[in-house]
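**Q** Fit chain B with the ligands to the supplied structure of chain A, relying on the hints for placement.
As they're listed, the protein sequences go chains A and B. To convert, note that position 283 of the first sequence is 283 in full-length UniProt numbering; the numbers rise steadily by one, no gaps. To convert, note that position 279 of the second sequence is 279 in full-length UniProt numbering; the numbers rise steadily by one, no gaps.
Quick caveat, the hints were computed from the structure, so don't treat them as lab data. Among the hints, erroneous ones may be present.
The list cannot tell twin chains apart, which means a pair is met if one copy fits it or any two copies do.
[Stated by the list, open to error] Derived DSS-like pairs: lysine-lysine, alpha-carbon spacing no greater than 25 Å straight-line:
#1 K256 - K48
#2 K245 - K220
#3 K48 - K245
#4 K2 - K48
#5 K88 - K224
#6 K245 - K224
#7 K165 - K245
#8 K224 - K256
#9 K165 - K224
#10 K165 - K88
#11 K205 - K256
#12 K48 - K220
#13 K205 - K165
#14 K220 - K205
2 protein chains.
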Amino acid sequence: MKAIIQQNLSEPTSLTWSDAPTPVPGDGEVLVRIVAAGVNRADTLQAKGHYPPPTGTTDIIGLEAAGVIEDAHGACRPDGTPWADGEKVGVLLSGGGYAEYVAVPSGQLVPMPKGYSFVETASVVEVACTVWSNLMMTAELTAGDTLLIHGGGGGVGLFAIQVAKALGARVAVTAGSAEKLEVCRSYGADILINYREEDFAAVLKAEGGADVILDIIGAKYLDKNVSALAKDGHLVIIGMQGGVKGELNIGALLAKRGSISATGLRYRDRADKARIVAATVEHVWPMLESGQVTHHIDRVVPVADAAAAHAALLAGEITGKVVLQVTED
Amino acid sequence: MKAIIQQNLSEPTSLTWSDAPTPVPGDGEVLVRIVAAGVNRADTLQAKGHYPPPTGTTDIIGLEAAGVIEDAHGACRPDGTPWADGEKVGVLLSGGGYAEYVAVPSGQLVPMPKGYSFVETASVVEVACTVWSNLMMTAELTAGDTLLIHGGGGGVGLFAIQVAKALGARVAVTAGSAEKLEVCRSYGADILINYREEDFAAVLKAEGGADVILDIIGAKYLDKNVSALAKDGHLVIIGMQGGVKGELNIGALLAKRGSISATGLRYRDRADKARIVAATVEHVWPMLESGQVTHHIDRVVPVADAAAAHAALLAGEITGKVVLQVTED
Ligand SMILES: NC(=O)c1ccc[n+]([C@@H]2O[C@H](COP(=O)([O-])OP(=O)(O)OC[C@H]3O[C@@H](n4cnc5c(N)ncnc54)[C@H](OP(=O)(O)O)[C@@H]3O)[C@@H](O)[C@H]2O)c1
Ligand SMILES: NC(=O)c1ccc[n+]([C@@H]2O[C@H](COP(=O)([O-])OP(=O)(O)OC[C@H]3O[C@@H](n4cnc5c(N)ncnc54)[C@H](OP(=O)(O)O)[C@@H]3O)[C@@H](O)[C@H]2O)c1
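Looking at chain A on its own, in the form it has when it is part of the complex (with noise of 0.2 Å):
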């Protein structure tokens, strides 16, 4: 098959459309040809040598695709009816997306939302698990709670935005530019901040402060996320584009009984990711289909031009997502 080869593995720019084994699917594993792939920062910072693999998993990036069954290789569904060769499907994966091919734990297939292409499909199976995982499986997010959310304008964002509106909740954004803010108001954000110019400390502090706080900045922002904290509040790390290491006010964390969760999808066990999977499906998947919640495309880039649609991320170019066309549907 091709795949996305990193050339250079100090040079993360190298990325070439390049020739690579086709995976063969192991124990409870399906093959899946691609026909779209989700772009992920998480994906940048791979290219960068900063987010390996998990151990076993493939070197190929890629953390979301969609395509069609080629191998159902006997997989069933969580209510135990078996896959089937042919069926069009979305996928979670610890890697392996940009590419033709894939082996996927059976868990970790989606059906495509009614109504979804496949590029549409790969835009969101990555930010629903985490949004899902995050606001509800940790956070506990409830209808009235007020929720902040950083970088609002980015693929977990956007999509955080939606589902926190669905579930009742007040939500607050940061982002960089007039641009996504403005975007993030289309999508329901009621209170929007941005960060270059604003406190965004000081604003939730005169809203009440934040009940939930889903932040992807780490240890830069970890004093003020402390503050910006209602009483027995939750701050959700999922991100440390800040920093690894902050000081913690431990004072100030115990005067609100104040929680910190930080968390990744990546290196759970399959036991673990079937589960986050199964309960996004169960929950978010109808939000999509009615269209109460819906994906947000900035662009659709050839899978041999993956270091540009990098380029661009990191650039901050993209608001909500780009997607790699792998192959033709």
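**A** Frame of chain A, contents of chain B with the ligands only:
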């Protein structure tokens, strides 16, 4: 009435048994004549000016006591039946325990555990609510979990060991002497760590990590606590004996998908305290009445010697609890 009054706010030992106005119960409050009052480390902090009572609370020290209802004032139990004058009760307080009388929100009254004296009851109210709310309501400790308790020989620590064993957990403790560790062992602790001689994080790592940590040290142990956590582990900080601000390695926390909560009982509102008290009576009182969990009273001291009780606690002389005898029963 008589109460312990701090004569000089900059002198933590200037605690004298003096005249003070008898409290008048407000709406939803009950007047209790106190027979015995428990001493908590927080009381020593308050005497040092570090742990101010919540607004609206007496500045008389004392977070727990036991005694006799002097004026039930129309208050009812959670089940709707009225409290009666003359009933023997324990009380969870925001302050005011070192006195002959205290006015208590009715949700913070507890029955005396069957077979318990006033002194014994006064020694368990605060630790039982602390342990139950943190281990169960915050950390959701589960049978088979490994729990690390810092300060296993203290008031909270000895109680936490027993409740955790009753819940089926494996218990590791730290303490500063072989004597205290031996008492921990006698209550069921499985892994004994003298923090003056051993690195608790290394011990816990070798044991597979802690699913839950009940921490009273704060900043000084933050980094080591994170490294002692197991996958999906939960660090619950209830004290800051080792400082307030510490560096958090978010990357290390994320690699474990760990959580940190910092909690306190004293500043919660009445409804929240009533909820915790009710859950504690429901779940912990049967453990006390069956003997599965018991009190551990190091010594009983006349209330006039409160300063000496504080000094003994701060000198590390106390294993378990020290209780003040306030009036005769
Ligand atoms: N733990 C997990 O399981 C998991 C799963 C998925 C994603 N993630 C992480 O979540 C983050 C977002 O992923 P993504 O794929 O959605 O990336 P993305 O599309 O690049 O979104 C990141 C957004 O952050 C914004 N941003 C940059 N600096 C900021 C700052 N200081 N304050 C607020 N916003 C800022 C960027 O735009 P502007 O600066 O122009 O506003 C951008 O829109 C990444 O760190 C990723 O690694 C984690
Ligand atoms: N947040 C809340 O709601 C809440 C409620 C109750 C209590 N607390 C807090 O919980 C803590 C314990 O309260 P307590 O009343 O049980 O106090 P305590 O009886 O004085 O117990 C504290 C214990 O910590 C041990 N210790 C001291 N330094 C240590 C270290 N570096 N590592 C491990 N252990 C150490 C002490 O004995 P050795 O050093 O001799 O072993 C002592 O046994 C206090 O900080 C208190 O403020 C919080």
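**Q** Would you mind marking each hint as holding or not holding in the structure?
**A** Okay, the hints, checked on the actual structure:
1. Taking identical chains as interchangeable, the C-alpha atoms of K256 and K48 lie at most 25 Å apart only when they sit on different chains, with a minimum of 22 Å there against 38 Å within one chain.
2. Taking the shortest Cα distances, K245 and K220 sit within 25 Å of each other both inside one copy (8 Å) and across copies (15 Å).
3. In this assembly of identical chains, the alpha carbons of K48 and K245 lie at most 25 Å apart only when taken from the same copy (20 Å versus 33 Å across copies).
4. With identical chains, the CA atoms of K2 and K48 are at most 25 Å apart within one copy only, with a shortest distance of 22 Å there and 70 Å across copies.
5. Proximity of K88 to K224 under the C-alpha cut-off of 25 Å is found in neither arrangement, the shortest distances being 44 Å within a copy and 48 Å between copies.
6. With identical chains, the CA atoms of K245 and K224 are at most 25 Å apart both within one copy (14 Å) and between copies (14 Å).
7. Taking CA atoms no more than 25 Å apart as the test, K165 paired with K245 passes in neither setting, with 32 Å inside one copy and 35 Å between copies.
8. Taking the shortest alpha-carbon separations for K224 and K256, both the intra-copy value of 14 Å and the inter-copy value of 23 Å come in at or below 25 Å.
9. Taking identical chains as interchangeable, the C-alpha atoms of K165 and K224 lie at most 25 Å apart only when both belong to the same chain, with a minimum of 24 Å there against 39 Å between chains.
10. In this assembly of identical chains, the alpha carbons of K165 and K88 never lie at most 25 Å apart, being 29 Å within a copy and 51 Å across copies at closest.
11. In this homomeric assembly, K205 and K256 come within 25 Å of each other (Cα to Cα) only inside a single copy, at 13 Å, whereas the closest approach across copies is 30 Å.
12. Taking the shortest Cα distances, K48 and K220 sit within 25 Å of each other inside one copy (21 Å), while across copies they are farther apart (34 Å).
13. For the identical chains of this complex, K205 and K165 are intra-copy neighbours only, at 21 Å inside a copy versus 41 Å across copies, given an alpha-carbon limit of 25 Å.
14. In this assembly of identical chains, the alpha carbons of K220 and K205 lie at most 25 Å apart only when taken from the same copy (18 Å versus 29 Å across copies).
When held up to the earlier numbered hints, the structure conflicts with 5, 7 and 10 and fits the remainder.
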